[in-house]
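**Student:** Please assemble the complex out of the two chains, which come individually in their own frames, going by the hints.
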Amino acid sequence: MNKLALRGCVITTLAILLQSVPVSTVFAETINQGAMLSITCAGCHGTDGRSTGAIPSIAGKSAQYIEKAMMDFRDDKRPSTVMGRHAKGYSVAEIKLIAAYFGNQ
Amino acid sequence: MNNNITRRRFLQLGSGLLSATSLGVWSQSGLTAGSKPKTHRVVIVGGGFGGATCAKYIKRFDPSINVTLVEKDKRFVTCPFSNLVIGGLREIDSITHDYAALKTNYAINVVHDEVVDIDVVKNSMALKGGGSLSYDKAVLSPGIDFLWDNVEGYSENDIGVIPHAWKAGEQTTILKSQLEAMANGGVVVIVVPPNPFRCPPGPYERASLIAGYLKQHKPKSKVLILDAKDEFSKMPLFTQAWDALYPGMIEWVAGTDGGRVTQVDAATKTVFNELGDPVSGAVINYIPHQMAGTIAQKADLTDASGWCPVNQKTFESTRHKNIHIIGDSAVAGALPKSGYAASSEGKVCAIAIVSAFNGIAMPDPSYSNTCYSLVGKDYGISVADVYRYEGDKIISVKGAGGISPEDADDSFRRAEALYASGWYQSITQDIFT
Chain G
1 MNKLALRGCV ITTLAILLQS VPVSTVFAET INQGAMLSIT CAGCHGTDGR
51 STGAIPSIAG KSAQYIEKAM MDFRDDKRPS TVMGRHAKGY SVAEIKLIAA
101 YFGNQ
Chain S
106 MNNNITRRRF LQLGSGLLSA TSLGVWSQSG LTAGSKPKTH RVVIVGGGFG
156 GATCAKYIKR FDPSINVTLV EKDKRFVTCP FSNLVIGGLR EIDSITHDYA
206 ALKTNYAINV VHDEVVDIDV VKNSMALKGG GSLSYDKAVL SPGIDFLWDN
256 VEGYSENDIG VIPHAWKAGE QTTILKSQLE AMANGGVVVI VVPPNPFRCP
306 PGPYERASLI AGYLKQHKPK SKVLILDAKD EFSKMPLFTQ AWDALYPGMI
356 EWVAGTDGGR VTQVDAATKT VFNELGDPVS GAVINYIPHQ MAGTIAQKAD
406 LTDASGWCPV NQKTFESTRH KNIHIIGDSA VAGALPKSGY AASSEGKVCA
456 IAIVSAFNGI AMPDPSYSNT CYSLVGKDYG ISVADVYRYE GDKIISVKGA
506 GGISPEDADD SFRRAEALYA SGWYQSITQD IFT
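Chains G and S supply the protein sequences, listed in that same order. Reading the first sequence from the start, the letters are residues 1 to 105 in our numbering. Reading the second sequence from the start, the letters are residues 106 to 538 in our numbering.
Pulled out of the complex, with its shape left as it was, chain S reads as follows (with noise of 0.2 Å):
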């Protein structure tokens, strides 16, 4: 940051000789000098792309609010390029962060605990370690869970044997390594949920970047997608790269041909579609049902679909009041349930929280995603989009956006592959320091 007055104001902090009080703090709707202003508090929850992108946001806007975040690990491992992990172009630590640089750049109070009850009349939150928070708002940023009574024969305790990774970190890992133990010659399938669900295009990266691996080390064997669907994200770039990189190594089940899977044996490694036929794997990856967060759920937030709907423009939920929720859990019109869609909710919430404490109006929200997939190593395709509030949803923009080009060049996919590795630089800059 710079010392641009003109746009920013000066606040100070934490000085014991020129306090808050007697300088006057300077809130967004200008100089309130005189008089012992309220600290509002926000208590967020859920240190991910929406959750701490919204933490700093509002720091930024104003640092007099007081920001606790509450965020159960100390090191966050992001599903974004954890398939690059799983595919072994990347490292496990190269996608990990840390909650440091939130604290100490923007005075965020992170709170390494589990919140396992919110009191919305109270306004108060149960902590799993003892203690409560209370808050002015809050915003809930708790990503997904699995419904796990979708599919028969898989439960939480099958996960080690059958991984989801659709939450980055041991589940990653545990992919990888089933993928590294496999024989040259076995089928990996990879059992994809209906929509909604987290990251509409990491099915198909995913079976991608194992592809890549299996043609370098194990050229024999075979990756098998059973969908839910007929139709899938970035689909004809998705099966013009697979016909280029890995011709016959990608195969994919449509919902209506049989994809369809209703359930699971973690003991042979077989799942069977609705009509009961069974396919047997050597390494299976089966991607569960979704809903919002359990917290959202708990706290009477979801609705009949299992999702939370939320005041498109300010993310506040339409149950309960002084709530907001961002991410996959919210039912955002337009917007994809994907870490960038997340953190832009987290960047307009933040806006609607210190506009709402402030008195002062809420600019039109704006709001963009930008998703790559890296299909191969220098291959990346992306799809991109801009939405804005119309009516009481968010659109996307009309005559914007889209996916990239199929009659792209070779040096386009690389050039999309380039900037696939400065996405992620950039957006985990953008929340994490």
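Next up, chain G with everything else stripped away, as it sits in the complex (with noise of 0.2 Å):
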């Protein structure tokens, strides 16, 4: 997002609160590589990486946290059923986008 809309966004938000006006709020999300690459995780990890059941979630984790175990899968260094699978479908650029997607949840 450049710093344009970000300001925007802020004095939008700041207007919001001030007047107090009662509104249905929804976020957009950016579309961008890193989204493309992410969003279908949540197929199996959630929405926005959140999950409800068996399989752990990936929000809530650190970019660091998720590009080591996306590495360490990739590389065969960590054990896993599926994610080892998954995650040499993406190269060293990819696996950081998506760790900064899930990163910044």
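Everything labelled a hint here was simulated from the structure, so no lab data went into it.
Which residues of chain G face chain S? A partial, calculated answer using Cβ under 7 Å:
#1 A42
#2 T47
#3 T81
#4 R85
#5 K88
Chain G regions said to be covered by chain S (calculated; three or more residues, Cβ under 8 Å):
#6 34-40
#7 51-57
Only a predicted model underlies this, so the values are computations on that prediction, with no experimental measurement involved. Backbone N, C-alpha and C fix where the C-beta goes; we use that ideal spot for every residue, glycine too.
**Tutor:** Shown next as structure tokens:
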């Protein structure tokens, strides 16, 4: 997101808070390569990486943790059932984007 | 969702005092204050794994888009895990979902009706209940329909006696009831169609879980699979599991060994292969040959194959502009006809549509698939792959993906059974909430 948009975002937020208007709010997620690579993970790990079942959540973990986990799965340094098969499908640069996406949740 | 505005832009909807115009609508291309923006309209046909996912993710990426989801049923019963219902491991209520959260959480207009015709020139759809819907872009995720004519003697009128159970719901219950009513020692015949068909490992998961039920309740019974093909999805894993869990209970007949069924006699519960050999069963589950959903055929979106050719990056039809097809109906390169793939396609399609409306470059698409099959209560196997768009096709990434290892131990199989249930929990949460 560019700085202008970010500034506008803050101003809009403040404007709404100041006026105390009851509004139905939603957050538009930014389209970028990180989102494209990451949203498909939600099928197993839940929307935004928040799993409610037996598969671990990704949300709440740091980007560093996620990057290391993905790299270890990819390089067969960490045992897994299915993650090794997935992680091998991504380049180092892509793993960094995925880690940044979920690390910022 | 959290309030992290460095990643997510804040929009407000539905306020009478702060109109979109006075604030400026934050489209994906940035702030466009001062001019009243055009409200883009998307109509999505089919509220299953592809369509419902696409609706939700369009709204996540751009809540200003008006999204209408047309789905015949008020409650959606998933095909994934319907084999667990048939095998007695789950109740059908646990695989039944509704659209309340999509309406409330994402302001998606859910219309319970059926699209009977699409005017691809005027961009409008006629509804069975009367009325019509106009769209700027449409997404069709109609799933499959059956090629009744590809077999003699079987039609829609026979599905109460010989269920296909390849669309979940009442059909699932019929098959389950027939198994429960069957005497100990009966033969259950599963007839499997040729490729391509919905859920490639599905028939073999079904055979496994039926065998599981029979082993417990009717141990003299058997499952006979008559297959149109000579090999099948996750074949070494299934056959290994059958030997381990259900020795002697499941017999698989390959297409070239007489497995191709060309005739069905519902009255005597008998099927005939291409040589004319009859096979009778106490229960027959005939899974018909398949094609794209009827509405796709009607709207001239299918080719000679019976499926819908699409631009595999955006899923826009190659036959008509502004209509995207996702899920089982689409020809999606190396992606299988699975619920997970349909959902993944729904997300890529959502990004394609939002990018186009907002005039931004679509990122390089990335797709994935993860399918678990439960072979026994504590015995799971999986196939997983990562896919990319290369040339003009979706290809699976070399060196990644594949099926569960053949030499895995019991704890690995138990873990995959556990993850299968976690998968179901997550994917249905991702789609319907």
